[in-house]
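There are 2 protein chains.
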Amino acid sequence: MGEPAGIGGEIILKAWNTYRRSLPPLFVIDDRNRLQKLLGQLNLNMDLVEFDPANPGLYENGSRLPVLHAPLPAEQKPGQLISANAAAVVDSIAKAVALTQAGQASGIVTNPIHKSALYETGFSFPGHTEYLASLTTPAATPVMMLACEHLRVVPVSIHVSLRDAVNTLTTDSIIAQSVITANALRRDFGISTPRLAIAGLNPHAGEAGAMGSEEQTIITPAITALKNRGINASGPYPPDTLFAARSRNTYDVAICMYHDQALIPIKTLDFDGGVNITLGLDFIRTSPDHGTALDIAGTGQASETSLVAAIQMAARLAIHRQEYDSRSDA
Amino acid sequence: MGEPAGIGGEIILKAWNTYRRSLPPLFVIDDRNRLQKLLGQLNLNMDLVEFDPANPGLYENGSRLPVLHAPLPAEQKPGQLISANAAAVVDSIAKAVALTQAGQASGIVTNPIHKSALYETGFSFPGHTEYLASLTTPAATPVMMLACEHLRVVPVSIHVSLRDAVNTLTTDSIIAQSVITANALRRDFGISTPRLAIAGLNPHAGEAGAMGSEEQTIITPAITALKNRGINASGPYPPDTLFAARSRNTYDVAICMYHDQALIPIKTLDFDGGVNITLGLDFIRTSPDHGTALDIAGTGQASETSLVAAIQMAARLAIHRQEYDSRSDA
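For the protein sequence lines, the chains are P and W, in the order given. Just so you know, we're using the numbering used here here: the first sequence kicks off at 40 and counts up by one. Just so you know, we're using the numbering used here here: the second sequence kicks off at 40 and counts up by one.
Source of the hints: derived by calculation from the structure; they are not laboratory data. Treat the hints with caution; some may be incorrect.
Quick look at which bits of chain W chain P covers, simulated, 3 or more residues with Cβ under 8 angstroms [unchecked claim]:
1. 193 to 205
2. 230 to 242
3. 283 to 292
4. 303 to 315
Only some residues are given here: those of chain W computed to face chain P with a beta carbon under 10 angstroms [to be verified]:
5. GLY245
6. PRO278
7. TYR297
A virtual CB, placed ideally from N, CA and C, is assigned to each residue, including glycine.
Work out the full structure, taking the sequences as your base and the hints as a guide.
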């Protein structure tokens with residue numbers, strides 16, 4: 040569901056209406072009445088059907104979108120945050136995780152949430168991802184990957200100031216994020232020997248200490264430790280040339296030293312098609328790479344492109360994971 | 040000339056051989072004997088002709104490349120730095136500036152130099168640009184712009200560590216670089232009311248202080264001051280979305296808070312076609328956006344694309360400047 044005041048409802052309806060033949064089998068956890076009302080507003084030629092998790096195989100990708108009803112207590116209008124509905128948003132996430140952990144779904148695609156709306160209900164996590172990590176057994180260290188057709192990136196730190204990103208960068212944090220990433224590339228992306236390109240922090244990767252020493256004191260020791268664990272890691276690479284086309288061909292993921300080092304190149308290359316993937320959980324989770332967009336909710340302007348990419352990515356990851364796990368079991 | 044051990048000689052020969060009909064009238068300041076030898080090695084169907092600066096109008100862009108002879112005292116082989124030739128490299132830069140300031144050339148395109156080779160001769164500048172600024176009358180504050188077909192960027196700081204870039208960012212430095220940039224866009228780019236997009240420093244431009252406060256304490260005051268000077272500046276913008284196609288359409292230049300914030304997007308978008316432009320000098324100066332590439336010098340592998348773009352850019356800037364100055368004189 041995500042935040043029901045946002046664009047989540049309309050982009051899943053638009054995604055199903057236009058792309059259902061290229062989407063994997065899926066069901067939506069949302070309030071069927073609000074979706075039905077949105078359908079009318081958007082004038083889409085499709086309908087909803089009640090989803091029964093006990094019989095997930097009964098649904099085809101026809102004109103009717105399967106919906107597992109998650110009732111909202113208060114009537115929801117686009118763009119208006121309603122605190123009475125916040126608990127239902129959190130419940131829909133927990134429901135998705137429970138169904139996935141029970142084997143009734145292969146993965147989760149989350150629509151964006153609005154954190155401040157949830158905090159009023161006692162939700163105490165910094166964000167969606169941390170809440171999902173808390174539902175993992177045992178509780179996990181989540182790693183954020185962003186992926187588009189041309190590039191995969193993992194920022195070592197996320198929502199901290201640039202100053203704090205520099206100050207808190209450690210050899211251990213680079214190693215931890217890289218190991219989780221390498222494992223996920225093997226299990227969920229079908230890459231048997233993933234190539235990790237480790238970015239430098241400073242211009243030109245410091246030019247041997249002339250412009251910063253973190254490459255020598257923090258990053259290179261992490262690369263050495265990763266190699267000692269049998270991981271194909273290399274670098275540190277000058278950040279400015281690492282994302283050019285001919286560099287991108289040489290690695291499967293770029294491990295980035297701060298948020299914008301990762302997000303600038305991917306959003307520059309593919310603003311709408313980027314997918315957010317949470318690695319390190321005990322279930323597959325992807326999400327579109329945008330926010331709730333309260334300002335345009337209900338207008339029909341929102342693009343479903345990133346959600347479609349997130350759904351297709353979740354299916355690919357689930358297939359790879361099933362193949363990997365069946366080989367490991369054999 | 041640039042560093043004669045590097046690729047400068049071969050890329051100007053290749054540029055002339057392939058693109059001379061789309062290049063402006065130009066002459067090369069270099070050692071004609073080494074260029075003649077390179078011509079043979081590269082097996083190019085063209086020749087050199089002695090350039091006489093007193094008669095610059097006599098040369099057409101035919102098969103013969105005009106060369107103003109700048110003799111190297113020692114025989115130069117590709118890839119080998121020779122300190123006996125370093126003074127001649129510096130002299131060729133000074134000669135280009137003197138001819139331009141005397142009105143015998145409309146602008147300068149510099150091939151890359153190798154700083155450590157020049158330091159042995161007593162050259163005491165951090166780089167090419169600072170040396171050029173010292174030859175300006177009065178001595179100038181040079182501003183580095185990088186431009187490709189899709190984007191122009193100016194980093195407020197250049198060759199310092201990321202930590203120092205954060206620590207030394209000031210309202211005054213943003214204002215100073217932005218004013219020089221706005222003036223250059225008017226005079227040299229033919230943009231009567233340039234739109235400056237000022238980037239944030241932190242993820243999501245700090246989200247109202249949640250992830251860093253420099254947007255509030257340093258950047259926004261600079262934008263206010265620029266507006267008060269009549270400059271169309273706006274921001275601070277979230278850095279990760281600022282370089283996506285639909286954002287790029289809304290501004291003429293992005294003023295960036297550190298080196299890689301500027302260089303990552305432009306090198307990701309256009310690795311070979313980027314041009315380095317020095318603003319704030321009393322003459323036009325561009326350069327290709329790459330180094331001396333000693334490792335491939337003499338092999339014929341070097342791409343002339345960025346040099347060709349730098350030459351064409353210098354010509355466009357010179358035409359705009361002449362038009363602007365003639366209007367200002369009238």
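Results of checking the hints against the structure:
no.: 1; hint: 193 to 205; in the structure: holds (count 8)
no.: 2; hint: 230 to 242; in the structure: holds (count 3)
no.: 3; hint: 283 to 292; in the structure: holds (count 3)
no.: 4; hint: 303 to 315; in the structure: holds (count 6)
no.: 5; hint: GLY245; in the structure: holds (7 angstroms)
no.: 6; hint: PRO278; in the structure: holds (5 angstroms)
no.: 7; hint: TYR297; in the structure: holds (8 angstroms)
Figure legend: structure checked against the earlier numbered hints; every hint is met.
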